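Peer 1: Relying on the hints, combine the two individually framed chains into one complex.
Here is what each chain is made of, one letter per residue.
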Amino acid sequence: MSEERKTPGLQLFFDDFMLLLFLGVAVYAVSYLIWGLIEIAWLPPIPDEIKQALLGR
Amino acid sequence: MAILPPSEGWFQQKVAKDEKIWMGLAFVVSVFLFFWMIIWHVYAKQNPSFTTYKTTPEEFYALTEAFINKYKVGEENGIPVVKPPPGSDVFLLARQFRWEPVLILKKGEEYRIHISSLDVLHGISIQPVNMNFMVYPKYDYVLTFRPTSAGEYAIVCNEFCGIGHHMMIGKIIVEE
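Taken in sequence, the protein lines are chains A and B.
Heads up: the first sequence begins at 0 in numbering that gives the first Met the number 0, then just goes up one per residue.
Heads up: the second sequence begins at 0 in numbering that gives the first Met the number 0, then just goes up one per residue.
Next comes chain B alone, as it looks inside the complex (with noise of 0.2 Å):
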């Protein structure tokens, strides 16, 4: 807002041609800028494509310990490892202070990856392809995830979740 008001009859007046440029001007960029934002998600690939679903703390767990009996290859630290089939739903929960179960995927293949909290905010990072995302409880956050090269990934907690949060490290193994 202008500190005074302006002169008086200026609705009247004419609208000078530098200031319709300029106006002209802020108006193509913002359409190009609106436009480009559905182009960049459709074509660069930077924003994931995800569902989200309503949950409990509950369901969520119970889903979680059925897929770790159904697809559970080992252990490891007293975590469990899963071999999921490719294509599959694959469910990564998030408690104070741990992920849970350690997951191995194959290379190239698309899995939908459920992740949610049992407890409190947590923040899901991928490194060192540094991928991020919130963790919340009650909402399953659905990644469609295709792994395109293989090794270990660690995940971080990066959202703070409590004293225990900079041990709250799980891992994703990628297979050939």
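Extracted from the complex, chain A is given alone in its bound form (with noise of 0.2 Å):
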């Protein structure tokens, strides 16, 4: 490749396997892992017509 061209940035980021290999893992933590996390964190309690149902309170 002549020094004059530059190379182009998809390229820069195909070529970067380190880079690849990151996001490999990156990618499924942020969208399984984390996500996974979010949804335990956020899960609602037992709903209070229920409980009151059967403890009457």
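It cannot be assumed that every hint is accurate.
What the hints assert, rightly or not - Derived coverage of chain A by chain B (criterion: at least 3 residues anywhere in the stretch with Cβ under 8 Å from a Cβ of chain B; other residues may be distant):
1) 10-16
2) 42-48
As the list claims (entries may be wrong) - Residues from chain A that keep clear of chain B, each with C-beta distances beyond 10 Å, as calculated:
3) PRO7
4) TYR31
5) ALA52
Unchecked claim - Here are some chain B residues the structure puts well away from chain A; computed CB gaps all over 10 Å:
6) PRO5
7) GLU18
8) ILE20
9) TYR42
10) SER48
11) ALA61
12) LEU62
13) VAL80
14) ILE125
15) ASP139
16) HIS164
17) MET166
Note that these hints are calculated values from the structure, not bench results.
All values reported here derive from a predicted model rather than from experimental measurement.
Note that CB positions come from ideal geometry on N, CA and C, so glycine has one too.
Peer 2: Now the structure itself:
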């Protein structure tokens, strides 16, 4: 490749295998693990109607 | 990752026709599978509808006890037998090493079965229909459940939970 020709940004991205490796792990971690943790953290408690019907309070 | 880096200028090279066809086919298959996942869930009825609530072992125990006291119709080997009305919330408690109570349900009626554990991780396996779910402490897993055939169904624990794991057998009776 000639020196004056600029390497396209997308090629730089695809050529960086360590970055691809990082993204392969990071995308999975964010979309599955963190998503799952958020879901667990936001779980609602048992609705009051159900508790009242059985416990009467 | 390839062992050798691609040849110089690979980014500017034209993609061959057969490779484009393969990429197109892979894309179509993945889009199809994505939507099939949703269609299968709705129409195949393989995945049961469920909700999950946060709870504590103390709260779930109190609710199960209240549920048993409200609908108790007898006792079997020291385990209470309950017959809840159709459409109601049903509580099933897993603990080392028993399932309680024994449930009497009506065929064709819908129930919301709340399942949780008092101590460790258990697995509920309804046999012989072979429906399997995890039972976690601190989480109330609510299955919307409609028994479609009458008979006696065994509940076995399918997650090793301790020395008495093999004796952890419960029962669901479905009446006509």
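Peer 1: All hints are to be evaluated individually against the structure, with a verdict given for each.
Peer 2: Structure-based check of all given hints:
| no. | hint | verdict |
| --- | --- | --- |
| 1 | 10-16 | holds (count 4) |
| 2 | 42-48 | holds (count 5) |
| 3 | PRO7 | 6 Å, violated |
| 4 | TYR31 | 15 Å, holds |
| 5 | ALA52 | 7 Å, violated |
| 6 | PRO5 | 8 Å, violated |
| 7 | GLU18 | 15 Å, holds |
| 8 | ILE20 | 21 Å, holds |
| 9 | TYR42 | 25 Å, holds |
| 10 | SER48 | 16 Å, holds |
| 11 | ALA61 | 7 Å, violated |
| 12 | LEU62 | 5 Å, violated |
| 13 | VAL80 | 18 Å, holds |
| 14 | ILE125 | 22 Å, holds |
| 15 | ASP139 | 6 Å, violated |
| 16 | HIS164 | 26 Å, holds |
| 17 | MET166 | 29 Å, holds |
Checked against the numbered hints listed earlier, the structure breaks hints 3, 5, 6, 11, 12 and 15; every other hint is satisfied.
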